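Quick mapping for you: the protein sequence lines, in order, are chains A and B.
Heads up: the first sequence begins at 1 in this note's numbering, then just goes up one per residue.
Heads up: the second sequence begins at 1001 in this note's numbering, then just goes up one per residue.
These are computed hints drawn from the structure, not numbers from a lab.
All figures in this text were calculated on a predicted structure; none of them were measured in a lab.
Note that beta-carbon positions come from the ideal geometry of N, C-alpha and C, so glycine has one too.
It cannot be assumed that every hint is accurate.
[Said to hold, decoys possible] Cβ-Cβ distance ranges computed for the label pairs, FRET-style: (1) B:A1092 to A:V88: 34 to 42 Å; (2) B:I1124 to A:V88: 32 to 40 Å; (3) A:D274 to B:M1298: 25 to 33 Å; (4) B:G1186 to A:H139: 20 to 28 Å; (5) B:G1186 to A:K39: 24 to 32 Å; (6) B:M1311 to A:H139: 56 to 64 Å; (7) B:R1091 to A:Y275: 49 to 57 Å; (8) B:H1224 to A:A122: 42 to 50 Å.
[As the list claims (entries may be wrong)] Below, a list of computed lysine-lysine pairs in the DSS-like style, where the Cα atoms sit at most 30 Å apart: (9) A:K198 to A:K247; (10) B:K1166 to A:K42; (11) A:K39 to B:K1199; (12) A:K198 to A:K314; (13) A:K39 to B:K1166; (14) B:K1329 to B:K1068; (15) A:K194 to A:K39; (16) B:K1199 to A:K42; (17) B:K1140 to B:K1068; (18) A:K314 to A:K302; (19) A:K309 to A:K180; (20) A:K225 to A:K314.
[Claimed, not checked] Incomplete in silico selection of chain B near chain A, CB under 10 Å: (21) E1062; (22) Y1064; (23) G1149; (24) G1160.
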Amino acid sequence: MPVITYRDALNAALREEMQRDDRVFLMGEEVAVYQGAYKVSKGLLQEFGEMRVVDTPITELGFAGVGVGAAMVGLRPIIEFMTWNFAVLALDQVLNSAAKMLYMSGGQFNIPIVFRGPNGAALQLSAQHSQAFESWLAHIPGIKVISPSTPYDAKGLLKSAIRDDNPVCFLEGEMLYNTKGEVPDEEYLIPIGKADLKREGNHATIITAGKMALLGVQAADQLAKDGINVDVVDLRTVRPMDVEAIKTSVEKTNRAVVLEEGWEIAGIGAQVVDYIQRDCFDSLDAPVLRVHQADVPMPYAKNLERAAKPDAAKTVAAVRKVMYLD
Amino acid sequence: MGSPEVTSTAVTDIESSTMPKKKAAATEPSTNGNAPASSPELNHEFLHSMLLQRRFEERCAEAYALGKIGGFCHLYIGQEAVSTGVLSSLRADDYIITTYRDHGQALARGMSPRTVMSELFGRIDGCARGKGGSMHMFDKSLNFLGGHGIVGANVPLATGVAFAIKYRGGDQVCVCFMGESVVNTGAFHEALNMAGLWKLPVVYIIENNRYGMGTALERASAIHDIYERGASYNMSRAVCDGQDVFEVRAAVGKAIERARTESTPTLLEVRTYRFMGHSMSDAVSGTYRSKAELEEHMKRDPIVLLRTYMMEHGELTDEALHKMDDEIKAVVQDAWDFADKSPEPPLEALYEDVYVDTTSDAAADAVA
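Sequences and hints are given; from them, build the entire structure.
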């Protein structure tokens, strides 16, 4: 099976879906002439032309709204945010227009749109460019939120997102674009809302998504050296969340750690823990622990940034703790 | 698309900056793009449309006082020449998008009074099945893309609709209504810049009713001839008297024609006045405007201006007017009775319309 980067997997998904359906277009900052700030849209302008690959001014609120308006009358926009950090400016259109249109129109106007771009921290970009938005977005009924960790998942889920008739927020990882993985040549789709077991074990469960799934796998590999085998449940989609997959794993292992990139308060982990305490109360042998970003804006200094971020070592420590080994 | 040409300032359509005119009757009809400017039959239609909005909203105020309508309820009374003038100039396949002050435009576009009133009453027969209320009138069959509750948010949406028209190569037009307070939002600036840059077929209509809630235009905008904001976006722009349906039609007709044939946007400032408070919780004159000012503006009631014109030109008799008024009152009473009898939405509707369970139906679905 060919091995390609996460970036190329996304590019292939965009290309295939634009070939398949001429209502699909890509709009955002630097997506066309510049070939994408992270080169995800490389070659698309040349293949599809300037009507379907559209450079915008720096105007997140404006072009997010343009996308929603175009979706109201039958187009299928893909709106690229250079990063989700900038998408905060567009949140009104995501929250108040895209997510609520179907409901407040009594079912008349669904919004088939994908908002996508890199999410979370890279390296030393400091406070304003290092934020993870899963929990902010997952809070909103009316949208779906996808956070894929591998090239295979990224391609299959982006294709499903583009075909979905609902608004979908698609969170990529800046640090993932160069990662590689197997992606088949033949077409495939991955259903939205289905988790994937990235490692299998009986001793504990790590529940995670997106870039953090790679840390979860690293932690699992380290633990395996000490004979500790864990399930790594990669949610892939945080809304709707695959509660069955969480339940199945925790009922098997009786111990769980939730690993997420964002802050602690009202985070994705808080929601996962709520599902676990409701559905798996009698199965638990230890309190569920969480690994997340320190409750501070992201610092610049290397050592402080490292201390603020979740990592494999912190995850290993949390797993050992729920197993009462430390 | 791509690299837009620089438009000549010669296309700029600045018709007047000395508004409003103080006349007792509407002006003589002039041109309305390619559409007929006026005829006795058309004038009857305009009067009917405006009077329907007026009588309907008078009953809305009553229903609100009785608790049949809840939440926020923003009345349009005093501005009816704008909705009627604009919407009578559109084709059935054109698009309309508006703000939370949307009852008048919904009726003028042809939504049935029963449907609008049922929505206001929160009933299943409302246009949004009782889920939207006063601020969210939608009708897909009429290309009526909704009332939107966040000031400024409908302006990028309209720009996106116009983008879609251009994308598909159609000759439809999108009309976007907004109040004058919108021009101070970032969304307005961002959206108009893109429409000017990409030459999109959209007409932005600023219903300048003088007040954004209780803040006068002069206390909110650094410039007071706000159609001049169009200059920032290299956009054709004009201003007209919003109390005179003929003037509205003449001005919007040119803008619609420009959008349809040249695919270029226009910023049209329509100077009007809100005869009621901002919403039902705001006293009619309030703390921000004087009773004298209100009374002065009410002398130029758009319905009275048209009625007077028609009577002066032998197009309307007292008897015919009363007959029309009685018929409209009966229609509004019927809407009230219908809405009153319409069931509340069933509780299972609570969780409906959050998501659709469909995917794109392009032929290539077979591939999957």
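Right, here's what the structure says about each hint:
1. B:A1092 to A:V88: 34 to 42 Å: holds, 39 Å
2. B:I1124 to A:V88: 32 to 40 Å: holds, 37 Å
3. A:D274 to B:M1298: 25 to 33 Å: 57 Å Cβ-Cβ, so the 25 to 33 Å window is violated.
4. B:G1186 to A:H139: 20 to 28 Å: At roughly 24 Å between Cβ atoms, H139 of chain A and G1186 of chain B fall inside 20 to 28 Å, so the hint holds.
5. B:G1186 to A:K39: 24 to 32 Å: holds, 29 Å
6. B:M1311 to A:H139: 56 to 64 Å: Taking Cβ atoms as reference, M1311 of chain B and H139 of chain A lie about 59 Å apart, which means the hint holds.
7. B:R1091 to A:Y275: 49 to 57 Å: holds, 52 Å
8. B:H1224 to A:A122: 42 to 50 Å: holds, 47 Å
9. A:K198 to A:K247: Answer holds: K198 of chain A to K247 of chain A is near 16 Å, not above 30 Å.
10. B:K1166 to A:K42: holds, 25 Å
11. A:K39 to B:K1199: Judged against 30 Å, a Cα distance of about 28 Å means the pair holds.
12. A:K198 to A:K314: Measuring from Cα to Cα gives roughly 19 Å; hence the hint holds.
13. A:K39 to B:K1166: holds, 27 Å
14. B:K1329 to B:K1068: Distance ~18 Å between K1329 of chain B and K1068 of chain B Cα, so the pair holds.
15. A:K194 to A:K39: holds, 28 Å
16. B:K1199 to A:K42: Satisfied, since the Cα-Cα distance of roughly 26 Å is no more than 30 Å.
17. B:K1140 to B:K1068: Holds - the C-alpha atoms of K1068 of chain B and K1140 of chain B are around 26 Å apart, at most 30 Å.
18. A:K314 to A:K302: Given that 30 Å is the threshold and the Cα spacing comes to 17 Å, the pair holds.
19. A:K309 to A:K180: Holds, at about 23 Å.
20. A:K225 to A:K314: It holds: about 16 Å lies between the C-alpha atoms, which stays within 30 Å.
21. E1062: E1062 of chain B check fails; min Cβ-Cβ to chain A is 25 Å, beyond 10 Å.
22. Y1064: The hint is violated - Y1064 of chain B has no Cβ within 10 Å of chain A, the shortest such distance being about 20 Å.
23. G1149: For G1149 of chain B, the interface hint holds, since the closest Cβ of chain A sits about 8 Å away, which is under 10 Å.
24. G1160: holds, 2 Å
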